[in-house]
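Participant: With the hints as extra help, turn the sequences into a complete structure.
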Amino acid sequence: MQLLGTQLTNTSALAGNDVATFPDFPAEIRAPRGTRAGVSGFQVQFASEEIFTPGDQLDALVVMNPAALVTNIGDLRKGGILIANEDGFNEKEYKLAKVASDPLEAETIQESYRVFRVPMTRLTRDAVAELGLGNKEAERCKNFFAMGLVYWLFGRSLEPTQKFIRDKFAKKMPEVAKANEVALQAGWSYGETTEAFGLSYRVEAAHLEPGTYRNIMGNQAIAMGLIAASSLSGKELFYSTYPITPASDILHELTRYKNFGVRTFQAEDEIAACGAAIGAAFGGGMGVTASSGPGIALKAEAMGLGVMLELPLIVINVQRGGPSTGLPTKTEQSDLLQAMFARNGEAPMPILAPQSPGDCFHIAVEAWRIAVECMVPVMILSDGYIANGSEPWKIPDVSQYPRINVVHPEMPEGDAPFMPYERDENLARPWAIPGTPGLMHRVGGLEKEDRTGNISYDPANHQHMVNTRARKVAEIAERIPPQQVWGEPAGDILLISWGGTFGACHSAVLACRKAGLSVGHAHLRYLNPFPANLGEILHGFKTVVVAELNSGQLRMLLRAKYLVDCEGINKVQGKPFAVHELVDEIKVRAKALHADAVHQRSH
Amino acid sequence: MTLPVLKAADFASTQEVRWCPGCGDYSILAQMKKVLPDLGVPREKIVFISGIGCSSRFPYYMNTYGMHSIHGRAPTFATGLKSTRPDLMVWVITGDGDALSIGGNHFIHLLRRNLDVNIVLFNNRIYGLTKGQYSPTSVEGQVTKSTPMGAIDHPINPLSLALGAEATFVARSIDAYVTHLGETLKRAAEHKGTSLVEVYQNCNVFNDGAMAYAQEKGQRADNVIELEHGKPLIFGKDRDKGIRLIGTHLAVVSLKDTAIDDLLIHDERDPNPSLQMMLARMRHPEMPEPIGVLRAVAGVPTYDDQINHQVELAKTQRGIGDLQALVSAGETWVVP
Numbered sequence: 001m002q003l004l005g006t007q008l009t010n011t012s013a014l015a016g017n018d019v020a021t022f023p024d025f026p027a028e029i030r031a032p033r034g035t036r037a038g039v040s041g042f043q044v045q046f047a048s049e050e051i052f053t054p055g056d057q058l059d060a061l062v063v064m065n066p067a068a069l070v071t072n073i074g075d076l077r078k079g080g081i082l083i084a085n086e087d088g089f090n091e092k093e094y095k096l097a098k099v100a101s102d103p104l105e106a107e108t109i110q111e112s113y114r115v116f117r118v119p120m121t122r123l124t125r126d127a128v129a130e131l132g133l134g135n136k137e138a139e140r141c142k143n144f145f146a147m148g149l150v151y152w153l154f155g156r157s158l159e160p161t162q163k164f165i166r167d168k169f170a171k172k173m174p175e176v177a178k179a180n181e182v183a184l185q186a187g188w189s190y191g192e193t194t195e196a197f198g199l200s201y202r203v204e205a206a207h208l209e210p211g212t213y214r215n216i217m218g219n220q221a222i223a224m225g226l227i228a229a230s231s232l233s234g235k236e237l238f239y240s241t242y243p244i245t246p247a248s249d250i251l252h253e254l255t256r257y258k259n260f261g262v263r264t265f266q267a268e269d270e271i272a273a274c275g276a277a278i279g280a281a282f283g284g285g286m287g288v289t290a291s292s293g294p295g296i297a298l299k300a301e302a303m304g305l306g307v308m309l310e311l312p313l314i315v316i317n318v319q320r321g322g323p324s325t326g327l328p329t330k331t332e333q334s335d336l337l338q339a340m341f342a343r344n345g346e347a348p349m350p351i352l353a354p355q356s357p358g359d360c361f362h363i364a365v366e367a368w369r370i371a372v373e374c375m376v377p378v379m380i381l382s383d384g385y386i387a388n389g390s391e392p393w394k395i396p397d398v399s400q401y402p403r404i405n406v407v408h409p410e411m412p413e414g415d416a417p418f419m420p421y422e423r424d425e426n427l428a429r430p431w432a433i434p435g436t437p438g439l440m441h442r443v444g445g446l447e448k449e450d451r452t453g454n455i456s457y458d459p460a461n462h463q464h465m466v467n468t469r470a471r472k473v474a475e476i477a478e479r480i481p482p483q484q485v486w487g488e489p490a491g492d493i494l495l496i497s498w499g500g501t502f503g504a505c506h507s508a509v510l511a512c513r514k515a516g517l518s519v520g521h522a523h524l525r526y527l528n529p530f531p532a533n534l535g536e537i538l539h540g541f542k543t544v545v546v547a548e549l550n551s552g553q554l555r556m557l558l559r560a561k562y563l564v565d566c567e568g569i570n571k572v573q574g575k576p577f578a579v580h581e582l583v584d585e586i587k588v589r590a591k592a593l594h595a596d597a598v599h600q601r602s603h
Numbered sequence: 001m002t003l004p005v006l007k008a009a010d011f012a013s014t015q016e017v018r019w020c021p022g023c024g025d026y027s028i029l030a031q032m033k034k035v036l037p038d039l040g041v042p043r044e045k046i047v048f049i050s051g052i053g054c055s056s057r058f059p060y061y062m063n064t065y066g067m068h069s070i071h072g073r074a075p076t077f078a079t080g081l082k083s084t085r086p087d088l089m090v091w092v093i094t095g096d097g098d099a100l101s102i103g104g105n106h107f108i109h110l111l112r113r114n115l116d117v118n119i120v121l122f123n124n125r126i127y128g129l130t131k132g133q134y135s136p137t138s139v140e141g142q143v144t145k146s147t148p149m150g151a152i153d154h155p156i157n158p159l160s161l162a163l164g165a166e167a168t169f170v171a172r173s174i175d176a177y178v179t180h181l182g183e184t185l186k187r188a189a190e191h192k193g194t195s196l197v198e199v200y201q202n203c204n205v206f207n208d209g210a211m212a213y214a215q216e217k218g219q220r221a222d223n224v225i226e227l228e229h230g231k232p233l234i235f236g237k238d239r240d241k242g243i244r245l246i247g248t249h250l251a252v253v254s255l256k257d258t259a260i261d262d263l264l265i266h267d268e269r270d271p272n273p274s275l276q277m278m279l280a281r282m283r284h285p286e287m288p289e290p291i292g293v294l295r296a297v298a299g300v301p302t303y304d305d306q307i308n309h310q311v312e313l314a315k316t317q318r319g320i321g322d323l324q325a326l327v328s329a330g331e332t333w334v335v336p
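Same order as they appear, the protein sequences are chains A and B.
Take the first sequence: its position 158, counted from the start at 1, is 158 in my numbering, and no numbers get skipped.
Take the second sequence: its position 179, counted from the start at 1, is 179 in my numbering, and no numbers get skipped.
Don't take every hint at face value.
Over the 12 Å line for every Cβ pair with chain B, so calculated as not near, a few chain A residues [claimed, not checked]:
1. 137
2. 199
3. 276
4. 283
5. 561
Quick list of in silico lysine-lysine cross-link-like pairs, DSS-like style, CA-CA up to 27 Å [to be verified]:
6. 178(A) <-> 168(A)
7. 571(A) <-> 78(A)
8. 45(B) <-> 192(B)
9. 542(A) <-> 514(A)
10. 258(A) <-> 315(B)
11. 256(B) <-> 34(B)
12. 192(B) <-> 258(A)
13. 192(B) <-> 33(B)
14. 168(A) <-> 315(B)
Simulated from the structure, these hints should not be mistaken for laboratory data.
Remember, it's a predicted structure, so these values are computed and weren't measured experimentally.
Where is the CB? At the ideal position from N, CA and C, for every residue including glycine.
Facilitator: Written out as structure tokens, the structure reads:
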């Protein structure tokens, strides 16, 4: 199902549509088929205008069995198209899905949706009959039949998927390739000849910014961003990690690019992965480690050491639902406070968050630039939603990216001893690396004496070093771009968001402004430090609302720092925001403001 | 260019050594400084990485590059460093708690990967820095601050563990037996692949004399057996005892009634670790404990060689990566 979703996405992108996707699958590899827990879904929105989310509601839903129907029907809009594989609806399947009888026949379904029952299994079997496949193999092609039908319904070209089938199967399993192609074509023909649907749809190309585009997923973009950062800084990438959902795809991606000087290390555990990345950094390499929340918890002590050693490092957290093992395949933004504070002692780290799959590329480059400039471990907070989601991505001209300047000091002239904790204008210490004569020095987790880096228990020195490490991170605010506000620069309501919720929040503000409300939107990509002008922006609005997929973590930080009484729109269901949920929340606030104004006037 | 001739003193850092007076660590530090000049590696190419514990202060006292890292994790930092900088000579300094308790996982994985680094494990069978709790090598029944009624854990044997992980170099020496210690460290440094040297080290504050049977000159000869490759296993003050393989067991025999030819001949190069494991399992007081090199298997690929080889191979086979081509790959379309 995930494979077919990707095909529909790519085909639509190639047709010039704007696309956004939301894969939704169980954590179990082979979750029991036919049960509600075993449903694997893929949501895609394609449009002739710019879109920012995979959509709140479905216009069309294809279900292969009753379990898929009952778990997804709630998302189908009233009057929407429901296509069901009739052969997947029988007594056995009702039992698996725990439904009493055929849910397609339920009055609520029949009245609310345009239901099309298609015997897909049988039609597929018939279509591929002459290829001589076994029953099982033949039936397996039914997903491609469904795909062909959807392609017909929305006027998609079969060509990209035909090519995909040939590339993927033709060499190893030519008969499977042939059967899938036949099934795809049969589905398309079924739509065209049966007239059952009565109509089909055309979705014209969207008006995107001119340029060359490709489709990209977040984890893929972060991998490429790391390679770009490596290339821009002339530092070979050492990526060390331990397998964990939903971060593992970054490893899979990077390990294919050893010809870029990428070394990948699958460590024995999360701690080792972080330690090895720091070891590489000590030697002058580009050390990067990644995980998801549970793994980040394990890396905490090593990250603290990274803060103390003042070495450049990137730590990526592709967030998922927590706490503990939580919801491994579902999205959430509940690790912000972990990123900020979950290290012993005062151990600040800069935190960056990409806002979309494509933005992962730019954030990775930016993270490495900050890490090197300030000699500090930097955290990237991605999430499952953008890691697995995809969007059309304007391919950047990499020659336009500024180089990342790395300096390793050489042996000093004269007798002056080397000072490993002397600082430059960014408060960064020199990145002196083993192999350099005359610069031998020892680093470690014990508190350092200022400048010399020797062990020091001196109270005033400790205060000074804690302050310096904090100031080093805080002053980054002066070198990052000021926060932009989209919509009203000041006014009634400011919506604040961060990370993967950008699309939903942007769409919601767009809708509210169309409805005449005074709303601005500030989407934060820098979470620590905040951009220097953020306080001023917050004070320019009557109501500040923070939307996030947690119980109010960014809100807590904003309130603490700016003493602004932010309100929260919070959701912790393992699912992204729907645009209408946000619109409703903003409207409630607008109404309240209006009522207040009336009340004030009447006094 | 000829390299300057270095002396032991050249390896001393400016930091004051702060181990307890009489600690066995001093001897290990002295031997390390003595051995390094003989290896012909410039100081700036040497890195000492340690974890946490008394022994892990070691890097501060060496005028080389160094990292005093976090508890049990020294092998991880060493792995990242050596994998990306195979030109460096990397030493891991650790203790029995650091390597075998909190860092047990990293210890076995470092050994099995055969990364070309040298581990020196200071084994004093006690937690010193935290003031006297029992360690994973403390003997059963040992009374410590945390085991007033005696330790009930079965101790771990670092050599058995290393052999189980099929480490390519496994050795043991003793702090007080300085010539042997120096020689063993040198052998470890010369081995390509992960080298483990366990050093019996006396903690004269919290576990004084725990290994006196091996450390003290008068007792050593009867309680330890010095392994030498290709030589029969003979020990004892009068060199009148030997080790013989009887069935599947090792036994102490008297040379008065056993011919030297019947003794076990030590083979450190045998890739099969079974006999080496039997030696490692010899424990005082039933048996003499082996010191020297138990295992030294050459020619096994190292992790650092292989990780870098794959990168070079990829570059040769596919050409050096082109960033613009990478980001532009796959199906693309143009929006006019």
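Participant: Each of the hints needs a verdict: does it hold here or not?
Facilitator: Consistency of the hints with the structure:
1. 137: The assertion about residue 137(A) holds, with a minimum of 28 Å to chain B.
2. 199: It holds; residue 199(A) is separated from chain B by about 27 Å at its closest Cβ, greater than 12 Å.
3. 276: Non-interface label on residue 276(A) violated, nearest chain B Cβ at 3 Å vs cutoff 12 Å.
4. 283: Label violated. Min Cβ-Cβ 4 Å, cutoff 12 Å.
5. 561: 30 Å, holds
6. 178(A) <-> 168(A): Holds, at about 11 Å.
7. 571(A) <-> 78(A): 24 Å, holds
8. 45(B) <-> 192(B): 16 Å, holds
9. 542(A) <-> 514(A): 20 Å, holds
10. 258(A) <-> 315(B): 7 Å, holds
11. 256(B) <-> 34(B): 40 Å, violated
12. 192(B) <-> 258(A): 25 Å, holds
13. 192(B) <-> 33(B): 21 Å, holds
14. 168(A) <-> 315(B): 26 Å, holds
The structure is inconsistent with the numbered hints 3, 4 and 11, although it conforms to all the rest.
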